[in-house]
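Student: Listed below, chain by chain, are the residues.
There are 2 protein chains.
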Amino acid sequence: MSHATGRVWSPVITPFTAELAPDRERFVAQCRWLLDNDVGLAVFGTNSEANSLSVEEKSQLLDALIEGGIPAARLMPGTGASALPDAVALTRHAVAQGVEGVLMLPPFYYKGVSDEGLFRYFSEVIERVGDARLRIYLYHIPPVSQVPLSLALIERLLKAYPKNVVGVKDSSGDWSNTQAMIDNFAADGFQVYAGSEHFLLQTLRAGGAGCISATANVNPGPISALAKAWQGADADAQQAALTNTRKLFERFPMIPALKAAAARYSGIEEWAQVRPPLVELNEQQRQDLFAILDEASFDMPGLKDG
Amino acid sequence: MSHATGRVWSPVITPFTAELAPDRERFVAQCRWLLDNDVGLAVFGTNSEANSLSVEEKSQLLDALIEGGIPAARLMPGTGASALPDAVALTRHAVAQGVEGVLMLPPFYYKGVSDEGLFRYFSEVIERVGDARLRIYLYHIPPVSQVPLSLALIERLLKAYPKNVVGVKDSSGDWSNTQAMIDNFAADGFQVYAGSEHFLLQTLRAGGAGCISATANVNPGPISALAKAWQGADADAQQAALTNTRKLFERFPMIPALKAAAARYSGIEEWAQVRPPLVELNEQQRQDLFAILDEASFDMPGLKDG
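Residue numbers (the numbering used here), protein chains in the order written: chain Y, 1 to 306; chain U, 1 to 306.
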């Protein structure tokens, strides 16, 4: 099954104050700007420093978005956690707010755990949330979580919970794995998202759903444009341009680089702030990034007035 | 500096009900039995499934111990977390309860983070807790956390916070690293604990403080006996016996095996319960473990009547 239009989601960077507190107002404004650029809001992802936030902080940020008029149907918050009760609490809250779905990490403290143990974890979350509206996108990101989600596990979860398990984000960076997920599961409507727009066109041509990508935080317009026009004559050229822009950011630590760009193009210096254990770009890195972006005539149009 | 008497701590296994809720009463009883066997209580460690518990669950379990008459001076709760506010909240609560110290994991979601980022994390915890009574034991367990604590980081923390950073648990399994920690820092009173009683005698002879070990949950008496008598003529024979017993458990997934033993020797079947993503021993593993333990005349004396 191929999609007429692909979908793009941004794992929204989380704004902190100088005292490292989440800045709700700036968060809402950023999400509005992203929606204006036609990307959905995968808040509380890896690039959101989600696991550097408490469950309470995430709940309050989610509430701020809803209260700020962001449509729940455009939200896919990350709700996975090492501790089952944390995952259940945040997932339950997100479902009650009416979100499109949740992006769920496996528990990521223990390594080398079995598919049986991971199945039980997701199963407990689904059973305890106990809500027919729950739509889970599984989050496969072995380079960071170090806990992969196997095809056999996905198959078992799909059989047990066909209405609750609706898709996956593949951040393995391994195209053959994304291809296998599509080949095995996409025909029945299971949505396979690439973890980078580098694979956007390839994913859509193969029958995948789109991408959920770090750089959709800084380059949302062009990425969503390709997702719409992927069957057009210009698609390969568009993809090449997206990949080039992404590569500019990949020369730096990704999350600090995204935030440095947000600071620069919004004019709000505090955007550069990250929570430990991350560290903001140093002065040299910042200057190098900005020089590279200027050379490429990069911009984040509309951000400053957002 | 060598210690006349070594110290042994148990990363206490956490009892769950069939519904996966922590069982406070059984937890208090287990801690009493461990204290009767002269080992301290490093509750909320890796073997405690600490990262499968919410901050609130850990706070309540800690309160149950204090209310149950367990001396705070015998407690070294694990309070590290991926999210800074979680680590601050639990550490603050533990310090207010008067614990001997806290065992602190680094934030463990992001991998390949810098020493600068880790320094900032520990520094923020110390500054935010803001209590002169705070005593931190750093927790180096790269096989699980995948976030190592370098000697350079420890040195920097010791210089910045000499009264708050008092020791380390080395669960690298790499003796040369434990040796280097002792050689670099123990002379000034920094307490280096091995992460396994396999290294207990070696650690004490080198000037380390003792061990914090999974199998101190099941074999506490003999381990603490060696810690006291390590300068005696019988020490090598005692060490050999400890290592043999440990190896029986190492044939199985460690945490489920510890809990299976606790279930058997206490007569309380629910002890076998683990939280996902862990899985209890299967029937064959259980039978194999028990046969091996019987052959070795293993026992957990006094547990049944505890």
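Simulated from the structure, these hints should not be mistaken for lab results. There could be a bad hint or two in this list.
[To be verified] Where chain U lies over chain Y, by a calculated footprint (3+ residues, C-beta under 8 Å):
#1 113-121
#2 143-157
#3 221-229
#4 275-286
All residues carry an ideal CB built from backbone N, CA and C; glycine is no exception.
Student: Of all the hints numbered above, which does this structure not satisfy? Sort the numbers upward.
Tutor: Those not satisfied come down to hint 3.
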